[in-house]
Amino acid sequence: MAYDYKAIEQKWQKQWAEEQTFKAKQPQEFEGEPKPPFYVLDMFPYPSGAGLHVGHPLGYIASDIYARYKRHSGYNVLHPQGYDSFGLPAEQYAIQTGQHPAKTTETNIKRYREQLDKIGFSFDWSREVRTSDPKYYKWTQWIFIQLFDSWYDEAEQKSKPISDLVQIFEKEGNTEVEAVCNEDSVQFSAEDWKAFSKDEKEQHLLNYRLTYLAETEVNWCPALGTVLANDEIVNGVSERGGHPVVRKKMKQWSMRISAFAERLLSGLDNLDWSESLKETQKNWIGKSVGALVKFKIQNSKFGISAFTTRPDTIFGVSFVTLAPEHDLVTQITTPEQKEEVDNYIKAAAKRSERDRMADVKSITGVFTGAYAEHPLTNKPIPIWIGDYVLASYGTGAVMAVPCGDQRDHDFAKHFNIPIPNVFEGIDISEEAYTDKSNATKIANSDFLDGLGVLEAIPKAIEALAKIGAGEKKINYRLRDAVFSRQRYWGEPFPVYYVNGLPKMIDEQHLPLELPEVEKYLPTEDGAPPLGRATEWAWDTEANLVVSNDKIDHNTIFPLELNTMPGWAGSSWYLFRYMEEQNNRDQHIASDEALKYWNNVDLYIGGSEHATGHLLYSRFWTKFLNDRGVLPVDEPFKKLINQGMILGESAFVYRYKASGGEGRIKNDIYTTYDFVRSIKKELSKSKNIFIRENGIFDKDNNIIDSEIINKYSSILKKIYSLGQSNMLIMERSFDPIHVDVSLVNTSNQLDIEGLKSIKPEFKEAHFITEEDGKFIVGREVEKMSKSKFNVVNPDDVCEEYGADSLRLYEMFLGPLEQAKPWNTAGLSGVHNFLKKLWKLYQDEDQLLVSDEPASKESLKTLHKTIKKVTQDIEDFSFNTSVSTFMICVNELTQQKCHAREILEPLAVLISPYAPHIAEELWEGLGHSESISEVPYPKFEEKYLKEDSKTYPISFNGKMRFTMDLSLDLSKDEIEDIVMKDERTQKQLEGRTPKKMIIVPGKIVNIVG
RNA sequence: GCUCGGAUGGUGGAAUUGGUAGACACGUUGGACUUAAAAUCCAAUGACCAUUGCGGUCGUGCGGGUUCAAGUCCCGCUCCGAGUACCA
5 MAYDYKAIEQ
15 KWQKQWAEEQ
25 TFKAKQPQEF
35 EGEPKPPFYV
45 LDMFPYPSGA
55 GLHVGHPLGY
65 IASDIYARYK
75 RHSGYNVLHP
85 QGYDSFGLPA
95 EQYAIQTGQH
105 PAKTTETNIK
115 RYREQLDKIG
125 FSFDWSREVR
135 TSDPKYYKWT
145 QWIFIQLFDS
155 WYDEAEQKSK
165 PISDLVQIFE
175 KEGNTEVEAV
185 CNEDSVQFSA
195 EDWKAFSKDE
205 KEQHLLNYRL
215 TYLAETEVNW
225 CPALGTVLAN
235 DEIVNGVSER
245 GGHPVVRKKM
255 KQWSMRISAF
265 AERLLSGLDN
275 LDWSESLKET
285 QKNWIGKSVG
295 ALVKFKIQNS
305 KFGISAFTTR
315 PDTIFGVSFV
325 TLAPEHDLVT
335 QITTPEQKEE
345 VDNYIKAAAK
355 RSERDRMADV
365 KSITGVFTGA
375 YAEHPLTNKP
385 IPIWIGDYVL
395 ASYGTGAVMA
405 VPCGDQRDHD
415 FAKHFNIPIP
425 NVFEGIDISE
435 EAYTDKSNAT
445 KIANSDFLDG
455 LGVLEAIPKA
465 IEALAKIGAG
475 EKKINYRLRD
485 AVFSRQRYWG
495 EPFPVYYVNG
505 LPKMIDEQHL
515 PLELPEVEKY
525 LPTEDGAPPL
535 GRATEWAWDT
545 EANLVVSNDK
555 IDHNTIFPLE
565 LNTMPGWAGS
575 SWYLFRYMEE
585 QNNRDQHIAS
595 DEALKYWNNV
605 DLYIGGSEHA
615 TGHLLYSRFW
625 TKFLNDRGVL
635 PVDEPFKKLI
645 NQGMILGESA
655 FVYRYKASGG
665 EGRIKNDIYT
675 TYDFVRSIKK
685 ELSKSKNIFI
695 RENGIFDKDN
705 NIIDSEIINK
715 YSSILKKIYS
725 LGQSNMLIME
735 RSFDPIHVDV
745 SLVNTSNQLD
755 IEGLKSIKPE
765 FKEAHFITEE
775 DGKFIVGREV
785 EKMSKSKFNV
795 VNPDDVCEEY
805 GADSLRLYEM
815 FLGPLEQAKP
825 WNTAGLSGVH
835 NFLKKLWKLY
845 QDEDQLLVSD
855 EPASKESLKT
865 LHKTIKKVTQ
875 DIEDFSFNTS
885 VSTFMICVNE
895 LTQQKCHARE
905 ILEPLAVLIS
915 PYAPHIAEEL
925 WEGLGHSESI
935 SEVPYPKFEE
945 KYLKEDSKTY
955 PISFNGKMRF
965 TMDLSLDLSK
975 DEIEDIVMKD
985 ERTQKQLEGR
995 TPKKMIIVPG
1005 KIVNIVG
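For the first sequence, my numbering assigns the number 5 to the initial residue and increments by one for each residue that follows.
Since the hints were made in silico from the structure, they are not lab data. Each statement offered as a hint is correct.
Below, computed lysine-lysine pairings styled on DSSO-like, alpha-carbon distance capped at 30 Å:
| # | residue 1 | residue 2 |
| --- | --- | --- |
| 1 | K298 | K162 |
| 2 | K945 | K867 |
| 3 | K162 | K291 |
| 4 | K383 | K470 |
| 5 | K823 | K870 |
| 6 | K1005 | K948 |
| 7 | K139 | K107 |
| 8 | K721 | K660 |
| 9 | K941 | K29 |
| 10 | K305 | K477 |
| 11 | K18 | K114 |
| 12 | K941 | K641 |
| 13 | K162 | K476 |
| 14 | K205 | K175 |
| 15 | K791 | K762 |
| 16 | K15 | K29 |
| 17 | K282 | K162 |
Using the sequences plus the hints, can you model the full thing?
Quick look at the structure:
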């Protein structure tokens, strides 16, 4: 029987599904001691309308190999899959077509599932999750309620129930408690608290809750009609669609992730993640240690706090700068300066993030007219505003030390503010001195004089603290995350409003399901799409969603109109998989299940989630751990980012007539070689003119060059298609993408095929090479529909089979590296599978024999076991595929058909190419699936060598090799090597100065 | 600007602690089989020189260095990619 991959793959995919081969067991299902658990997870996909391309399964294949390997190694493996099914594209499609996003999503999921099934993954589909399923988002809403019901105890670094905080407030007010809270919260005593009305108490508690409703400055994206979190903005524009983003104050739900900054940072140390990913998160959290310095404002009851990392330069302060958005600005500005300041604030607010970033160079600012007081010298310090100060970092105020900070220096110079120098022997007239090494000595600074930076910092803080003007402070760049989205297709908040204050729906009445709306757009008066729902009010007595016209603000109240962001559902999904479908009603997952599975042992996905999903899910995990819901405080122990698979785009080159000459009726397309050669010629002659009587350069001389002569017939053909004199210059050829499926492995274009599927090419002329072939140009780009370079895994499975696809994706290169997809290489791995097959059977019979294997074959096998096992542990899948190739090549050479070799080989290869492995295993006479057969054990004894082929080097250069016994001593080796005539020839009579002999490695003769 | 990666044949990429650079595969060329093609098999394939054979020189982005020995370690650069960006 020949290797019939189609039949084999269909057969086993069907069998795995029917027998639920890859269903993970819950701990209680074991009789006796449960197997050790191992949890392998992929970042679940958003089911987009475009379907999968070959880049998507890369990570899935890698994790599948690892999951299967772990099953062979005796683990109970949890390897689930699901869908992150809330999201923008389905909603945009709904806006355009009116089709309910749930319907689009369902269709797309079906397509994804079909594509995934064809690749033979060992997913446990019985545990599938979909974030848009009410049974799932019930628990997303539940977690939201828990966050609302919690505050953060800074002293213990732990989230606690809000009822504990209420007790503290009753006893001592909020003056003593170390709780993370909004900066604008005011102090109150126990008496104050007791005197507060119910609503006032609620209002104060919102300042402490881990999710809170507050008027905050948000990133508003008008084009998408929604706010965006910081991680959803790239280079000042929205990550999706690249739309501009402006700053706007809005009442929004926020997540107090900043409370967890320190734990999110220090927790990284214990994670097995790539350094670059940890680095990205570290930068995002942005911890800096310094001091908070308080300045009094002259003739004012207000004061300014500014964060600085250089309290040692406190005597160098010559002005203070506030962000234009700073609350104090309007309060302290003097009447004389008011107009100028107001204008500046208006202008600054109008500028989008992008504009502000675009001209970092220009220095702008305005003097407020007010003066602060230096805390140590009591000298007046002018207060300025400037948009180089960000409202969102620190306190939105900078104590400017122009001698020690370049931006302050630039600002001071620009506005002629004095630049006092506090560094001993340093010239700061041209630029600031930013070096922080301890060798620098502080000067002109009273009690700090002569101290190094490191000694001066604590001393300065101490002096400031003594007079109540400062304290040590750690500042984080990480901001609280905006959690509201003005969209339809997301989780509804389980929130209704009484007197404008948010109330949670009781847990037992969840889920609060998305209402129907007739359109998915915002309402005419700018409310989110849920504002269009007619049934969107909460009846607090019946505990039901009821019609809006029943709202009486007595027992029936309006519901929240925003929905949750995409990262809500993905922040905890890993724990949902731990529970089986029919046990999911009462909890996220049972305590036994959570305890047994713990967290994800191996997580594979794209690096684009470094600061979004991966940070938020760490936050939620820590929170749920604090509140006793989860037994772990990190979600993902080991994480690998798979590299992107790039597409190899194909180009034809359209001749573009220029200057009104040579107008062309139908497009003319030329080949890569032609364009490349002509461009080379153009680098010499600038312009080329084709006329009736020949080809000329710009001075009207006939061009006689190799290239022109070679292509003269093509040039004349182009001429004949045009209408008059033709000019060819550098920019005469536009590269145009053509569909890669119409290009064969030798880069030849199927012109007729192109014309038949793309009408715009129908009338076009394609100028082929002499041999009639049309060769396209190729370039590596990101795989995308618009570049016509997408390769669909279905097509690969059809032509070569899933096992070939799996092997090839791994063979392409290191998992974490970006690499181009080149279809030509597929035949190599496919041939390998055919060769493997032939070891077991030929056309009509099984070749496997029970004869003992040769020593050689055993060596080949064990060499392979050793290398492949090591490679899997190192996630070096590309090298294990070549190891298999070497193994099969050797066994073929040895004509090995011994069962003793072929059985373990089938197991070894089954994680990589599971279909063929199952088929071979069955052919060997086994009735059970190969998936849990114990992994072959490596035995050193088969690799024992008694001789080694030594490279014999002279001055470090290898000249020849010698087979020598490994038992020989250094002296004996020296003896034999020196006697060899080739050695004598190399030495040409010289006596070696030195001989380096490393037994088992190398011989190097110096001299 | 800063941080982190990376640079090896025509191509994708191998190369334990420094120890035979280019494994494996693609592509290309030649050959066998075939009426022919496909498939399969065999051989060659870093560049250059030499060639009857033996062989030699250069070679892992560039310039230095350490070492018996450097793709690998050190110093200085160039280019490419990713992240981040007025962070006080």
